[in-house]
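Make a model of the complete structure from these sequences and hints.
Keeping their order, the protein sequence lines are chains C and F.
Position 102 of the first sequence, counting from 1, maps to 101 under numbering that gives the first Met the number 0, and the rest follow consecutively.
Position 296 of the second sequence, counting from 1, maps to 295 under numbering that gives the first Met the number 0, and the rest follow consecutively.
These are calculated hints, taken from the structure and not from any lab test.
The beta carbon of each residue, even a glycine, is placed where N, CA and C say it ideally should be.
Nothing false has been slipped in among the hints.
Computed footprint of chain C on chain F; a stretch qualifies when at least three of its residues, placed anywhere within it, have a C-beta under 8 Å from a C-beta of chain C:
#	segment
1	140-153
2	165-177
3	273-282
4	287-296
Derived pair list, reagent style DSSO-like, types lysine-lysine, alpha-carbon separation capped at 27 Å:
#	chain 1	residue 1	chain 2	residue 2
5	C	Lys61	F	Lys278
6	F	Lys278	C	Lys58
7	F	Lys115	F	Lys227
8	F	Lys266	C	Lys58
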Amino acid sequence: MKTSRRKFLNIALGTSFFGWIVSVIYPIFTYLKPPKIPEAVVNSIKAGTASDFPANSGKIVKFGRVPVLVIKTVEGNFRAFAGTCTHLDCIVQYRDDLKQIWCACHNGLYDLRGINVSGPPPRPLEEFAVDVQNDEIFITKKLS
Amino acid sequence: MKTGSKIFQWLDERFELTPVIEFMSKKKVPLHNHTIWYYMGGVTLFLFIVQVATGILLLLYYRPGSDSAYESIRFILTKVNFGWLIRSIHSWSANLMIFFAFIHMFSTFFTRAYQKPRELTWVTGFILLVLGMAFGFSGYLLPWNELAFFATKVGTDIVGVIPFVGSFLLELLRGGEDVTGATLTRFYGIHVAVLPAIFTVLVALHLLFVQRQGMSVPENLKDLPEEKMREMPFFPHFFLRDALLWMVVLNVLLFLAVFYPWDLGFKADTFAPAPAGIKPEWYFMFMFQTLKYLPAHILVFEGEMIGVLAFTVAGIAWMLVPFWEVKSRKGMKKNVMMITGVAALTFIIVITIIGYLS
Ligand code: HEM
Ligand code: FES
Numbered sequence: 000m001k002t003s004r005r006k007f008l009n010i011a012l013g014t015s016f017f018g019w020i021v022s023v024i025y026p027i028f029t030y031l032k033p034p035k036i037p038e039a040v041v042n043s044i045k046a047g048t049a050s051d052f053p054a055n056s057g058k059i060v061k062f063g064r065v066p067v068l069v070i071k072t073v074e075g076n077f078r079a080f081a082g083t084c085t086h087l088d089c090i091v092q093y094r095d096d097l098k099q100i101w102c103a104c105h106n107g108l109y110d111l112r113g114i115n116v117s118g119p120p121p122r123p124l125e126e127f128a129v130d131v132q133n134d135e136i137f138i139t140k141k142l143s
Numbered sequence: 000m001k002t003g004s005k006i007f008q009w010l011d012e013r014f015e016l017t018p019v020i021e022f023m024s025k026k027k028v029p030l031h032n033h034t035i036w037y038y039m040g041g042v043t044l045f046l047f048i049v050q051v052a053t054g055i056l057l058l059l060y061y062r063p064g065s066d067s068a069y070e071s072i073r074f075i076l077t078k079v080n081f082g083w084l085i086r087s088i089h090s091w092s093a094n095l096m097i098f099f100a101f102i103h104m105f106s107t108f109f110t111r112a113y114q115k116p117r118e119l120t121w122v123t124g125f126i127l128l129v130l131g132m133a134f135g136f137s138g139y140l141l142p143w144n145e146l147a148f149f150a151t152k153v154g155t156d157i158v159g160v161i162p163f164v165g166s167f168l169l170e171l172l173r174g175g176e177d178v179t180g181a182t183l184t185r186f187y188g189i190h191v192a193v194l195p196a197i198f199t200v201l202v203a204l205h206l207l208f209v210q211r212q213g214m215s216v217p218e219n220l221k222d223l224p225e226e227k228m229r230e231m232p233f234f235p236h237f238f239l240r241d242a243l244l245w246m247v248v249l250n251v252l253l254f255l256a257v258f259y260p261w262d263l264g265f266k267a268d269t270f271a272p273a274p275a276g277i278k279p280e281w282y283f284m285f286m287f288q289t290l291k292y293l294p295a296h297i298l299v300f301e302g303e304m305i306g307v308l309a310f311t312v313a314g315i316a317w318m319l320v321p322f323w324e325v326k327s328r329k330g331m332k333k334n335v336m337m338i339t340g341v342a343a344l345t346f347i348i349v350i351t352i353i354g355y356l357s
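Here's what the structure looks like:
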C-alpha cells in the first residue's frame with residue numbers, strides 16, 4: 000500500500016516534471032527557428048540593355064533574393080546561371096581570361112554551360128533562360 | 000590597527016577568509032625543467048580577461064546590422080579616441096588567446112597532466128578551446144567585411160552537410176537560409192552574451208579543479224624522494240611570477256596592436272562575386288585545408304560530410320584522451336600517446352603551413 004502510493008506519486012511527479020521541461024524547451028526551440036518571411040515570387044527580371052553589355056564579360060544581378068550571373072560570350076550570346084557556387088555557397092564570377100565561370104573560394108571552375116569542370120564543386124550551376132527583346136535583357140526561371 | 004587590516008578582519012569574521020589564504024599559501028608548485036609549461040594556462044587566462052575588458056569597450060560603439068556594423072567599426076577606428084587601439088588589441092588578443100590555449104593543451108598532453116585525477120580538468124579545458132574557437136568564428140563576422148562574409152558563408156555551409164540535423168542547424172545559425180543581417184544579429188548575441196556566460200562558468204570550474212588538486216608532477220619525477228623535490232609556494236611566489244609574465248605578454252600584445260593594426264577590409268556586398276584569397280582564421284586552416292583534399296564524392300557520400308564527421312570523431316576522441324589513454328608499460332619501446340600527440344601536432348602544423356602557401 001505504502002510503496003504503491005509512493006510509486007504513484009513518483010510517476011505523477013516525474014510525468015509532470017517531464018511535461019514542464021517540454022513546455023519550456025518547445026517554445027524556445029521554435030523561437031530559434033526564424034519565421035518564413037513571405038516574399039513576392041520572382042519569375043523574371045530585366046538585366047539591362049544588351050548593346051551596353053560588353054562581350055566577354057559577366058555581371059551579378061539580383062533575381063529576387065538570389066544572385067544570378069549574366070554572361071555575354073565572345074560571340075555575343077547571352078547566358079545566365081545561378082550565381083551561387085554549388086560547393087560551399089560563395090558567389091561565382093566570369094573569368095574573361097579563361098572564358099569560364101570561376102569561384103574564388105576554392106578555385107572551382109564551370110564551363111559556359113554551367114557544368115562543373117574542375118575543383119571541388121559537386122554539381123552544375125542551375126541555368127536561367129535569357130531573352131533579348133528590343134535590346135532589353137530578360138532573365139527567367141527555366142521550367143524543368 | 001591599520002585600516003587595511005581592519006577591513007580584512009571585518010571580512011574574515013564574516014566569511015572565514017583565513018583558511019582560504021592558508022590553503023593558498025600551502026599550495027606548492029613543483030620546480031623542474033618543465034615548470035615553464037605551468038605558466039601557459041595563466042597566460043591564456045590573462046588574455047581572456049583582456050578580451051572581456053576590450054570587448055566591453057567595443058560594445059559601447061558597435062552597432063550590429065548589415066548597414067551599421069561596418070560603419071560603426073570604421074567610426075571606432077577613425078573617430079573614437081584610441082578606438083583603433085582597443086579594436087586592434089581585441090583582435091590580436093583573441094588570436095594569441097587561442098594560440099596559447101593550443102600550447103597549453105599540448106603541454107598538458109605531453110606532460111601527461113590529464114591523467115587521473117585530472118581527467119575533468121582536461122575535459123573542461125578542451126571545451127574551453129572549442130568555445131574559444133567559437134568566439135573567434137562568431138567575432139570574425141561582426142565587422143561585416145567581405146572576407147568575413149564569405150568565410151562565414153563557407154563555414155556555415157559546411158554545417159549544412161551534417162546528416163539529418165544539418166539543414167536545421169544551418170537555419171538556426173544563419174537565422175534564415177542565407178547569410179544576411181539576421182545572421183549578424185545572431186552571431187552578435189552568441190559572441191557577446193552566450194559564449195562569455197558559458198566560458199566564464201567553465202573557466203571557474205577549470206581553475207577550481209586546478210586549485211583543488213594542485214599541479215601535476217611529470218611521471219619521471221614522481222618517484223623522487225620527497226626531500227629531493229624542489230617546489231615553491233603558489234602564493235605569493237608563483238603568483239608574482241605569473242603577474243610578471245602577464246606584464247610581458249601585455250607588452251608584446253601592445254607592440255603587435257600598435258605596429259600591426261588589425262585591418263578592416265572592404266564592406267561586404269552580398270551581391271558581389273567572392274574575392275580571391277578567402278581564408279578562414281588560422282586556427283581553422285588545418286580543417287579547412289583538409290576538406291579541400293577530399294574528393295567531391297566518397298562512395299555515395301559528399302566528401303565534405305565525411306571530412307566533417309571525421310573531425311568530429313577525432314575531436315571527441317581527443318577530449319576523452321584521459322579515459323582511453325594507452326599506458327606505456329616498462330620495457331615497451333613505443334609510446335603510443337607520445338606518437339598520437341606528435342602525429343596530431345605535426346598534422347596541424349604541416350597542413351596549416353600548406354594552407355597558407357597554396
Ligand atoms: C581556453 C582557455 C583556458 C584557460 C583560461 C585555462 C587556464 C588554466 C590555468 C590558469 C591552469 C593552471 C596553470 C597551468 O597549468 O598552466 C590550467 C591548468 C590545466 N589546464 Fe587549462 N586553460 C584553458 C584551456 C585548456 C585546454 C584547451 C586544455 C586541454 C584540453 C586544458 C587542460 C588543463 C589541464 C590538464 C590543467 C592541469 C595542469 C597541471 O595540473 O599540470 N586547459 N588551465
Ligand atoms: S564555394 Fe565555390 S569552390 Fe568552394
